[in-house]
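So the sequence lines, in the order shown, correspond to chains A and B.
Numbering-wise (the working numbering), the first sequence opens with residue 1 and increments by one.
Numbering-wise (the working numbering), the second sequence opens with residue 1 and increments by one.
Among the clues, some could well be false.
To be verified - In silico negatives: residues of chain B with every beta carbon more than 10 Å from chain A: (1) Lys15; (2) Leu115; (3) Pro129; (4) Asp246; (5) Pro307; (6) Leu348.
Said to hold, decoys possible - With a Cα cut of at most 25 Å, we get these calculated BS3-like pairs of lysine-lysine: (7) Lys180/A with Lys249/A; (8) Lys38/A with Lys514/B; (9) Lys54/A with Lys491/B; (10) Lys288/B with Lys164/B; (11) Lys60/B with Lys15/B; (12) Lys54/A with Lys514/B; (13) Lys203/A with Lys180/A; (14) Lys54/A with Lys180/A; (15) Lys226/A with Lys180/A; (16) Lys270/A with Lys226/A; (17) Lys515/B with Lys38/A; (18) Lys364/B with Lys498/B.
Simulated from the structure, these hints should not be mistaken for lab results.
All C-beta atoms, glycine included, are put in the ideal place defined by N, C-alpha and C.
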Amino acid sequence: MTVRVVTGTIILAATMMIVAFIMVNEPNRMTDFESGYKGRSVEAGAALYDTNCKGCHGVQGEGIEGVGPALNARDLFDGRRLSEIGWAGTAYDYVFSSISGGRPRASSAFSTYPQRMPTWSSDFGGPLRPDQVRNLADFVMNWETTAMAQPAETPTPNPNAAGTDLETELPAGDAARGDKLFNGQEGTYGCFGCHSLAAGEVKVGPSLAGIAGTAASRVEGYAAEKYIRESIVSPSAHLVEGFQDLMPKTFAQSMTKQDLADLIAYLMTK
Amino acid sequence: MAIFKLHLPIVDDIKQKGLKPALLAKVDEGVTRLTAGLGINDIRSVLRGDPAPRPNPRVKPHADGFWFHMRPTYYHNLVTPLYPQFRLGWLSVYFMVFETITGVFLMLFYTPSPLVAFENMLNILSNVPLGLFMRDLHRFGAELMVLAVALHMLRTYLTGNYKKPRQFTWFTGVLLLLMTLGLSFSGYLLPWDQLSLWAVTIGASMVEAIPTPYPLNLLGDQWFGDQYFIGTFVNNLVRGGPQFNDNGLLRWYLLHVLGLPLIAFVFIGVHYYKVVLHGHSLPPEAEKVGEDTAKRVPMDQRTYFMPDIITRELFYVVLVTFLCIFAVTLGGYHAPLEPHAEALITPLHTTAPWYFLWLQGMLKVGDKVFWGLIAPGIIFNTLFVLPYIEVGPSRRYADRRIGLSVGMVVCVTLSMLTFMGTPWYAVSSSADQEIIAEIVPQTHPGPLRATPWDELTVGTYEAKNWEQAPTPGLKGLLEEYEHAVATAQAKDKEGQFKNLDGLLIIEEWQDGLKKITVRVTWQDATGERTASQDVFLHRDSNYGG
Chain A
1 MTVRVVTGTI ILAATMMIVA FIMVNEPNRM TDFESGYKGR SVEAGAALYD
51 TNCKGCHGVQ GEGIEGVGPA LNARDLFDGR RLSEIGWAGT AYDYVFSSIS
101 GGRPRASSAF STYPQRMPTW SSDFGGPLRP DQVRNLADFV MNWETTAMAQ
151 PAETPTPNPN AAGTDLETEL PAGDAARGDK LFNGQEGTYG CFGCHSLAAG
201 EVKVGPSLAG IAGTAASRVE GYAAEKYIRE SIVSPSAHLV EGFQDLMPKT
251 FAQSMTKQDL ADLIAYLMTK
Chain B
1 MAIFKLHLPI VDDIKQKGLK PALLAKVDEG VTRLTAGLGI NDIRSVLRGD
51 PAPRPNPRVK PHADGFWFHM RPTYYHNLVT PLYPQFRLGW LSVYFMVFET
101 ITGVFLMLFY TPSPLVAFEN MLNILSNVPL GLFMRDLHRF GAELMVLAVA
151 LHMLRTYLTG NYKKPRQFTW FTGVLLLLMT LGLSFSGYLL PWDQLSLWAV
201 TIGASMVEAI PTPYPLNLLG DQWFGDQYFI GTFVNNLVRG GPQFNDNGLL
251 RWYLLHVLGL PLIAFVFIGV HYYKVVLHGH SLPPEAEKVG EDTAKRVPMD
301 QRTYFMPDII TRELFYVVLV TFLCIFAVTL GGYHAPLEPH AEALITPLHT
351 TAPWYFLWLQ GMLKVGDKVF WGLIAPGIIF NTLFVLPYIE VGPSRRYADR
401 RIGLSVGMVV CVTLSMLTFM GTPWYAVSSS ADQEIIAEIV PQTHPGPLRA
451 TPWDELTVGT YEAKNWEQAP TPGLKGLLEE YEHAVATAQA KDKEGQFKNL
501 DGLLIIEEWQ DGLKKITVRV TWQDATGERT ASQDVFLHRD SNYGG
């Protein structure tokens, strides 16, 4: 019996040593498991991407023009895409919620993608479980290193762009062509969508009836042409009272000097 | 003029006897109360194995204490060695307690909902200190408990202890065996991984086969528009609906943590009460045929619970706990966790837990209703009534040739059925799928995932040229691949898979991610055929190996 008591005590001590050893190693083990699990999540996400996503976003996330935007792209990770659509959260959250709930409407930043992104999470009636959506998001976020290695896109300045400088020389304007540009028969500006030419009619922006006269009196020291020009290339500079700052700010880049001159010439006839 | 006077006897004692003796006496008094009769010196003499003083204070706890009153004061010398009982009943109780303790720990981190159950598992493994350890212990203990209970029954059968007057003890024992199997099986379902989903699917499809006998089927057709309504009802009961769902999981969970343990604890009480009431029966050869002398233990044949049995049991507790802890740590046993349950993906070889393989083997023999329901029903009912129909008076081996032969035949049959339950026996699936499942199985990591990630060099490799592989890991993998191809080729006796070939394509896919295509090519009557499976492997995924 003494043998039993003694061996029992030794075994008990051994057991406690093993447990103590395990406990000391627990933090490391848990960290290892965490990263191992993350790895498996990426694997599962890769398989899901292969069956569900590559049709629109490309086999390697390179995107398909007009179908789905690139995901293996620098702008998704360096914050530009997020700020373009006004996303306040992290890139992971953006990816996760875009997959979960889909993209109900193509944002202006992606106006070249007419298709809506469908909802994927079962929370929103899609086919995937939330944990599968997380796997997918982990997989997409794993492109970060390769995407960030891509050269940062430097916008190529258009030498013919109107620019925001009000003092540069403009070519001679053609009011007839300006009419077409204004009314959407030429170009893609579609000014008429927001601005009516009938006196007092408000579509979105103020009516432009009699603009040639009012423009001259709006800002002291500004000739009518200069005021109209500024209103197009820097719409936020001076707002007509009672209207919000809704006019696109992109015309300085997208509009050529000739178009701008034509539009001004056209509006000066009104 | 105190209205309220505080009287502390200990203060008087200290004043009288001095601090140390007074405190010691107080502690001794407390210990005596806790043990219902044994003071510190008595416990010490028990542990030292001193002969009992007279009058013997060691019988007092058996009379006055709750826990010790359940245990006999002494045992017959003949039942204390390893033979004839092998401690199997004791082990069963030990594991019941062991499972309760580890189970309660796991319960703290588990929610029975398909939405979070699997994530709970990952959380237990990644965020709960000792989570993996406890889960492994719980699973390991469950396997051993089934083993202990089954062997306990076998031993009882062999030594004939189920005979009069212990028939009812046997009856409750069979009930406890069912509880053990039920507890173990219901535990399989809770992690909500592939294993749980498909285990319950097999089980539910068995009960779904419950026939609705005539004329109930006609009435069912009239009333419910379903002539198999009993099977449908039971199926809905165990799955929670036509598909296994959150209700089903909740039911199995409650069964696992509440229903079955409650019944089991009650019947452990009944079972052990009967054991003590009738006494531990002696080895068959120790008493005359037809006599039961277990309760009449001569004075010179007694082994007292204190000190002998209790120290022995403490020793076993320490030893078995050590062995379990050793197994799940240095022994490398780990409870498996398969991928998240996925109703759309059926793993190629779904096997029942090992103690139900015999049932799976029977299902392969033939009709689901007979082999899945009626035959197991007959087996368990026979077990229940065995002591009431097998009433031969003698427990001696020589007098029970028929009984022991039947027992032997049953054991052999069960072993054979168990083998038949494994995928080795009569599972027909196509050679290409067999090969792919060999390399990248859906139920466990398998050789490809266990190959070190760095050794999976990008390229295209043929299994038959395994010797030319650039890294040792890849070489071993391709050799295994080639072996699987050769095995499948040898199995294909009808010649449907001519020129089977294995191909492995490894591509760099993402940062730290490789895509591996396992492609099997062969020729059949229609020409060149291929089957592939894509697997993605991440640098960190750590499948072990």
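Against the structure, the hints:
1. Lys15: Check passes; 39 Å lies beyond 10 Å.
2. Leu115: Not fine: 8 Å to the nearest Cβ puts Leu115/B too close to chain A.
3. Pro129: 5 Å, violated
4. Asp246: Nearest chain A Cβ is 13 Å from Asp246/B, so the label holds.
5. Pro307: Non-interface label fails for Pro307/B: nearest chain A Cβ at 7 Å, not farther than 10 Å.
6. Leu348: 17 Å, holds
7. Lys180/A with Lys249/A: 21 Å, holds
8. Lys38/A with Lys514/B: Holds, at about 15 Å.
9. Lys54/A with Lys491/B: Violated. Lys54/A to Lys491/B sits at ~38 Å, over the 25 Å cutoff.
10. Lys288/B with Lys164/B: At roughly 14 Å apart (the allowed maximum being 25 Å), Lys164/B and Lys288/B satisfy the hint.
11. Lys60/B with Lys15/B: 32 Å, violated
12. Lys54/A with Lys514/B: 17 Å, holds
13. Lys203/A with Lys180/A: 19 Å, holds
14. Lys54/A with Lys180/A: 42 Å, violated
15. Lys226/A with Lys180/A: 21 Å, holds
16. Lys270/A with Lys226/A: Answer holds: Lys270/A to Lys226/A is near 15 Å, not above 25 Å.
17. Lys515/B with Lys38/A: Since the Cα atoms of Lys515/B and Lys38/A sit roughly 17 Å apart, the hinted pair holds (cutoff 25 Å).
18. Lys364/B with Lys498/B: It is violated: about 29 Å lies between the C-alpha atoms, which goes past 25 Å.
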